[in-house]
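Each protein sequence line maps, in turn, to chains A and B.
So that you can map any letter, position 169 of the first sequence is 168 in numbering that gives the first Met the number 0, and since no number is skipped, the others follow by simple counting.
So that you can map any letter, position 30 of the second sequence is 29 in numbering that gives the first Met the number 0, and since no number is skipped, the others follow by simple counting.
Please note that the accuracy of each hint is not assured.
It does not matter which identical chain is meant; a pair holds if it fits inside one copy or across any two.
[As the list claims (entries may be wrong)] Capping the alpha-carbon separation at 20 Å, the derived lysine to aspartate or glutamate pairs in EDC-like fashion look like this:
#: 1; residue 1: 219; residue 2: 115
#: 2; residue 1: 49; residue 2: 194
#: 3; residue 1: 139; residue 2: 56
#: 4; residue 1: 139; residue 2: 205
#: 5; residue 1: 219; residue 2: 56
#: 6; residue 1: 221; residue 2: 205
#: 7; residue 1: 139; residue 2: 111
#: 8; residue 1: 101; residue 2: 34
#: 9; residue 1: 42; residue 2: 169
#: 10; residue 1: 219; residue 2: 167
#: 11; residue 1: 42; residue 2: 135
#: 12; residue 1: 49; residue 2: 96
#: 13; residue 1: 42; residue 2: 159
#: 14; residue 1: 219; residue 2: 151
#: 15; residue 1: 219; residue 2: 88
#: 16; residue 1: 49; residue 2: 171
#: 17; residue 1: 101; residue 2: 72
#: 18; residue 1: 221; residue 2: 169
#: 19; residue 1: 219; residue 2: 194
#: 20; residue 1: 49; residue 2: 34
#: 21; residue 1: 139; residue 2: 34
#: 22; residue 1: 101; residue 2: 159
I should point out that these hints are in silico values taken from the structure, not numbers from a laboratory.
There are 2 protein chains.
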Amino acid sequence: MALSEPAHEAEDDVRATDGRVPGRRGIATRRRLLDCTAQLLGKTSYRDIKVIDIAREAGTSPATFYQYFPDVEQAVLVLAEELATDAAELTVLVRGDWRGDKGASTARGIVEGFLEYYDRHRAVFRVVDLATEEGDLRFKQLRTRALGGITDALCETIREFQREGRLDAEIDPTATAFIMVAMLAHCAAHRYGFEFWGVRTSAQVDTLSRVLYWNVTGRKIKK
Amino acid sequence: MALSEPAHEAEDDVRATDGRVPGRRGIATRRRLLDCTAQLLGKTSYRDIKVIDIAREAGTSPATFYQYFPDVEQAVLVLAEELATDAAELTVLVRGDWRGDKGASTARGIVEGFLEYYDRHRAVFRVVDLATEEGDLRFKQLRTRALGGITDALCETIREFQREGRLDAEIDPTATAFIMVAMLAHCAAHRYGFEFWGVRTSAQVDTLSRVLYWNVTGRKIKK
DNA sequence: AGCGGAGGCTGACGCGGCGTCAGAAGCACG
DNA sequence: CGTGCTTCTGACGCCGCGTCAGCCTCCGCT
């Protein structure tokens, strides 16, 4: 089963809450509201974000916000959609060369790419995670779409090594791929917590790369 | 550096918001409010929990809530404190026997214990995670106390195997321990998402145990 | 240029939760 | 049964929510 579905709200079938199709100016206002939402998400607790704050930040009135989104959650949902679409770049990283010496740097590339990707979307991602855990299916689906690509790709690579007899047949490729992504996601989310306790970014990247490389290829990384 | 600090608000230096020390009845009311908060946290989005809901659920008035907590966040903070104290049970699991055949079941015991622990505290844990990621230091500290014990213990075990030459000297024990805990935490949080995609709990536990065992002992698990 | 009309914005309003009092109710003890 | 402390709550002003009707803007057409 493929986890990544190539679906994304095109910029031209955007609707206002009353069903009308906005023109140029409307699209721009909507965009400004989204950007301000993202910005506030970065500096305020999600729980405390008020429509009136977003409106003020965007230099408009609360009523205008409601013209484009039924509530704050819906606006975040759109941001999350963009995050999911943006995640395609991660899949590419997995398609690198896993054989021989190249393997180690492919693993490292994934780790670095993932951390960078997460950092770029940190504020939105944490809301997606929360909503997913709270059982919200729309966010859950989006999260799956964001991380599904890289999971699928890892899964396929693992299966390949397994076919060649490098990895035990008993290993569950899907479970392993999922767990690798879980590891990456959680480390990305809490990396600054790590640093606070004396674990440097470089040590994190090294260790993550090692674990990833081993689980995909079945070999220990060479130094 | 030890991550786990044995500090916990004793039930008898509890204060009302005005500074007075509550009596029997007061303590009971406070407790009821905490329990209702936890309960609501399980069935409502954190963002939507209102003081008035908690009060209604507890069969009292909002004003009473404010007598014991300045806001909802503070109540959750107390719940989080209990979660952190409760985490001591996890540390014990790591102190098992890692040698020979016993090692595999020690690893499995940690995984199962961790998942069970997380499930019990799921609702509070996700708020702790969110607040931590949002940079709230009080929650971050609590989270560190909750997960610090098991991290420390794993770290020490890894170091031991390293001293015996079973693990490469280059491996960073702290980083590895942190990453193992990260893996566990994230899998615990999103395990039902996994199941939705066809990854059974048993496959998760198997794979987590394998990865954990390998990273701690340096050996592949025997089937 | 002038005008009509669709598209875009907002002021104003009723609603409901917030957080704070002062004072009412409950309880224990002499 | 009264006294004094603890506990609870009704009432209030405040503010953000979400929804209108109506106003402004700007485009396109003649």
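Checklist entry - Which numbered hints turn out to be false for this structure? => result Structure breaks hints 1, 2, 3, 4, 5, 7, 8, 9, 12, 13, 14, 15, 16, 17, 19 and 21.
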